[in-house]
Amino acid sequence: MANISIVTGGSRGLGRNTAISIARHGGDVILNYRSQAEQAKSVVAEIEALGRKAVALQLDVGNISSFTYVCG
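Under our numbering, the first residue of the sequence shown is numbered 2, with each subsequent residue one higher.
Rather than coming from a laboratory, the hints here were simulated on the basis of the structure.
Mixed in with the good hints, there may be bad ones.
[To be verified] Derived SDA-like pairs: lysine to any residue, alpha-carbon spacing no greater than 25 Å straight-line: (1) Lys42 with Leu15; (2) Lys54 with Asn18; (3) Lys42 with His26; (4) Lys54 with Thr9.
[To be verified] Beta-carbon label-pair distances, calculated as ranges: (5) Arg25 with Asn64: 16 to 26 Å; (6) Glu39 with Val62: 27 to 37 Å; (7) Ser66 with Arg25: 29 to 39 Å; (8) Leu51 with Gly14: 11 to 21 Å; (9) Ser6 with Ser43: 11 to 21 Å; (10) Leu15 with Leu58: 11 to 21 Å; (11) Ser66 with Gly27: 17 to 27 Å; (12) Thr9 with Lys54: 26 to 36 Å; (13) Met2 with Ser36: 10 to 20 Å; (14) Ser66 with His26: 13 to 23 Å; (15) Ala46 with Ile5: 26 to 36 Å; (16) Gly27 with Asn64: 30 to 40 Å.
Don't be surprised by glycine CBs; every beta carbon is placed ideally from N, CA and C.
With the hints as constraints, model all of the structure from the sequences given.
Below, the structure is given as structure tokens:
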């Protein structure tokens, strides 16, 4: 079974560091960002360079309607 974590605010700061730490410890990561697409892509690339899987999704966790394309 795969170890997959969801990290909010994963494009910078504490969220970025958390996502990379999870990858370093063998986990794959789904990271969320609100407006920092290029930074999120960079974090995904860093995680993939560690041999882990990652995806970045633009979601506003304060607005549930932004989840519809992810959750159906």
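Supplied distance hint 10 to 20 Å, evaluated on CB atoms of Met2 and Ser36: At 33 Å between Cβs, range violated.
Satisfaction of hint between Thr9 and Lys54, Cα-Cα up to 25 Å: 16 Å, holds
Cβ distance range 16 to 26 Å for Arg25 and Asn64, holds or violated: Given about 31 Å between the Cβ atoms, the range is violated.
Restraint check for Lys42 with His26, where alpha carbons must lie at most 25 Å apart: 20 Å, holds
Restraint status (C-alpha distance of Lys42 to Leu15 at most 25 Å): 16 Å, holds
Assessment of proposed distance window 27 to 37 Å (beta carbons of Glu39, Val62): 20 Å, violated
Range hint compliance [Cβ, Ala46 to Ile5, 26 to 36 Å]: With a Cβ separation near 18 Å, Ala46 and Ile5 fall outside 26 to 36 Å, so the hint is violated.
Cβ distance range 11 to 21 Å for Ser6 and Ser43, holds or violated: 18 Å, holds
Beta-carbon spacing of Thr9 to Lys54 - inside the hinted bounds 26 to 36 Å or not: With a Cβ separation near 18 Å, Thr9 and Lys54 fall outside 26 to 36 Å, so the hint is violated.
Range hint 30 to 40 Å (beta carbons of Gly27 and Asn64) holds or violated: Holds - the Cβ-Cβ distance for Gly27 and Asn64, about 32 Å, lies within 30 to 40 Å.
Outcome for the supplied range 17 to 27 Å, where the beta carbon pair is Ser66 and Gly27: 34 Å, violated
Ser66 paired with Arg25, Cβ distance criterion 29 to 39 Å: 34 Å, holds
Against the hints set out earlier in the document, violations occur for numbers 5, 6, 11, 12, 13, 14, 15.
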